[in-house]
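**Student:** Listed here are the chains, written in short residue letters.
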Amino acid sequence: MKFECGDLERALRTSELMPEAREHLKECPACRREYRLWNEISSAAKELHEEWDSPALWPNIRKQIEAEPKERAPWWQGWKLWAIAAAAIIAAVLIGRPWQWVVKTGTQPSIPTALVSTNQHFLTEEALGEVERNEQAYRQSIEKLSRLAAPKIQNTNSPLTACYREKLLMLDAAISDTRSNLEHNRFNIRLQTDLADLYREKQQTLKELLTGGQKN
Amino acid sequence: MVRRTSLLFMLALAGSTFAREEFTRAFNKTVPLHAGQSVSVEHRLGDIIIRTHAQPEVVLHADIHVSAEDMDRAKNFANNIEIAVQPSTSGLFVRTRYPETERSFFGNHNISYYVRYEITVPETAPLQVRNSFGAVSVAGIKANSDITNSHGSLEFRDASGSQHLENSFGSVKVSNNVGDVAVQTNNGSAEVTGVKGSLTLRNRFGNVAASSVSNGVTISNGNGGVEVTDCGGLGDIRTSFGSVTVHGFRGDLTVNDTNGVIESTNVSGNAELNTTFGAVHFSDIGHQLSIRASNSKVEGQRVGGPLIVQNSFGPVNVSDIRQGVEIHSGNGGVSITGIHGGANVRTSFAMVQASDVSGALSVENNNGGVKVMNTRGAHVITSFAPVILEGISGPLQIENQNGAVDATSSSGSACEPITIRTSFSTLRVHLQGNPSYRVNARTSFGKIRTDFPLSVSGSLSNDNVTGTIGGGRCEMRLTNNNGSIEIVK
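Read top to bottom, the protein sequences are chains E and H. Numbering follows our numbering, in which position 149 of the first sequence is assigned residue number 149; successive positions increment by one, without gaps. Numbering follows our numbering, in which position 471 of the second sequence is assigned residue number 687; successive positions increment by one, without gaps.
If you are wondering where the hints come from, they were derived from the structure by calculation, not from laboratory data. Certain hints may be false.
Unchecked claim - Derived EDC-like pairs: lysine to aspartate or glutamate, alpha-carbon spacing no greater than 20 Å straight-line: (1) 587/H / 622/H; (2) 412/H / 443/H; (3) 291/H / 279/H; (4) 144/E / 125/E; (5) 291/H / 23/E; (6) 245/H / 334/H; (7) 587/H / 536/H; (8) 26/E / 286/H; (9) 26/E / 288/H.
The whole structure should be built from the sequences, with the hints applied where relevant.
**Tutor:** In structure tokens:
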């Protein structure tokens, strides 16, 4: 039997790799990388699993995975459990270490110029990581502002507030549209910049709304 | 614990240690296009640059850029991006089709891409473009076009034909078009210059500028400023929460703003400027100027026709008006000077000042002083504030309550009637030259004094005098209550 990349998922379900799989890994760098990652994550998950203090986590993860649409199942579909678990563990540990996640209200997302690729159209892996972390922090700060502004938006019927309400709805739609495109094109600098601009504008709009500022 | 933390960091950084590869593929195709056939382009995620030439063919060039974890994947994905070129009887249709992106081990899409077009089309071919997440630049089209973009700038220049341009979340710049231009934007600025035709521009949440538009400007904006320079035709500008500035308009102009300042200069026709909570500044308006404002400061000069102002809670200061003024205000001072024709002013709780009015002046105030200089007659009504008039050459009629009156008639021997009434304050009349009046002066709890020889023809007491000064040709009726009356030189 000729072993192919699509067979790797099935092969990893067994406790030990078949000889054909081992032969294939010698020649295929992509499968070798996936196999290495699988090993690392499996080890990490096994070690950290006992420290997790939420008994509902694993059932919830399993429920989430079962609820996932089944279409277009790639060969590594069965790994999702491990992948999500590992991501959840990493996130949990990192959240527990606040020095990693100091979020200041008013922080603005930016793309470090040193981290973009040479032709300035795509991010590098490192830059993307930084941008996505910044985006998450920025979103959190904007959500705080949104919560502060919510009573004013909902309870005031002045023409100015109506304008702010309209603008915020429009910005949210644009952010959603951009994020939807970004999901399939994460390294695209234009999309990342557009999203950052939209967040910046939303933050500015919320600030204006909260301070009662007018443009005139 | 240390080992565990290290492992976590290693895991977190595992993704970032992978180098990424980029692959670029060029697409080139030339397609013939017959006269009258159009070009349509439907695209997203990348710029479109369209230029023109005289040849009957469309020259397509696209740069397809893909970034992936390795070169094979990048290349494979780039090769699967399809530039669909579909000729039909109506024209040429160009569309970008992206394949589905595969998910990585972590469930992410690890491929990124964009496509940049450079298209050269016959200059007479009608053009239709739909794009998003990229800039669009079009130059040299000599036909109608319909361009819709979002999340990217839109530039359109050196064209002729009827143009319809839409954009959102990106700026629009239009320059030099022979023919009408319609622009619709949302959350982006718009700048249009050099249109030999009309401009219709709608926008929300962005500033708008139009210059050198020859045949009419209709701008509807919201939450953004408007700037119009050197345009002509009919002007209709609306916005809110933004200022409107018009410098140089050949034709009639209407501006409706709320919560914004209006500044308008050099309008050759009629102008109507309406706003709230924002000042109105104007100068050099050719014909009639009508201003309706509230909570606004209104000021300006040089109006060729009549000036009509309605305002409240803000001062009105105008000068050099050629065909009279009518100002209705409240809780705001009024100052007018250099008025050719009559002036009709009404306000309350603030001062009215008028000078150099060539026609009759009528002031109706309430709880506010009135100061008038050099007018041809004056009819003043007010209360609880002084009235001072100097150099009044026509009839003089003043009705005050609880306020002093000091009036100087410059009629001299021309003789114009004077009627003044007040209370609880001094009433003083200055006469010049050789006055000739039939005087009827009456007060209570005050004295009557005159610097002129008075021939008494009726009663004479400290508070009631009837007689004549000079020949007694005109009537002078002075009535006070709890205040003195003085007729002085």
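**Student:** It remains to establish, for every hint, whether it holds in the given structure.
**Tutor:** Against the structure, the hints:
Taking the CA atoms of residue 587/H and residue 622/H, the gap is about 10 Å. The hint holds against a cut of 20 Å. With a CA separation close to 18 Å, the supplied pair residue 412/H and residue 443/H stays within the 20 Å bound. A distance of roughly 13 Å separates the Cα atoms of residue 291/H and residue 279/H; the hinted pair therefore holds under the 20 Å criterion. Restraint check for residue 144/E and residue 125/E: the C-alpha separation of about 29 Å exceeds 20 Å, so the hint is violated.
Between residue 291/H and residue 23/E, the direct Cα distance comes to roughly 26 Å. Violation of the 20 Å bound is thereby established for this hinted pair. Restraint check: the Cα-Cα separation between residue 245/H and residue 334/H comes to about 11 Å, which is no more than 20 Å; the hinted pair holds. At roughly 18 Å between alpha-carbon atoms, residue 587/H and residue 536/H fall within 20 Å of each other, so this suggested pair holds. The hinted pair formed by residue 26/E and residue 286/H meets the criterion: a straight-line CA distance of about 18 Å does not exceed 20 Å.
Of the supplied pair hints, the one linking residue 26/E and residue 288/H holds, its CA atoms being roughly 18 Å apart against a limit of 20 Å.
Figure legend: structure checked against the earlier numbered hints; hints not met, in rising order: 4, 5.
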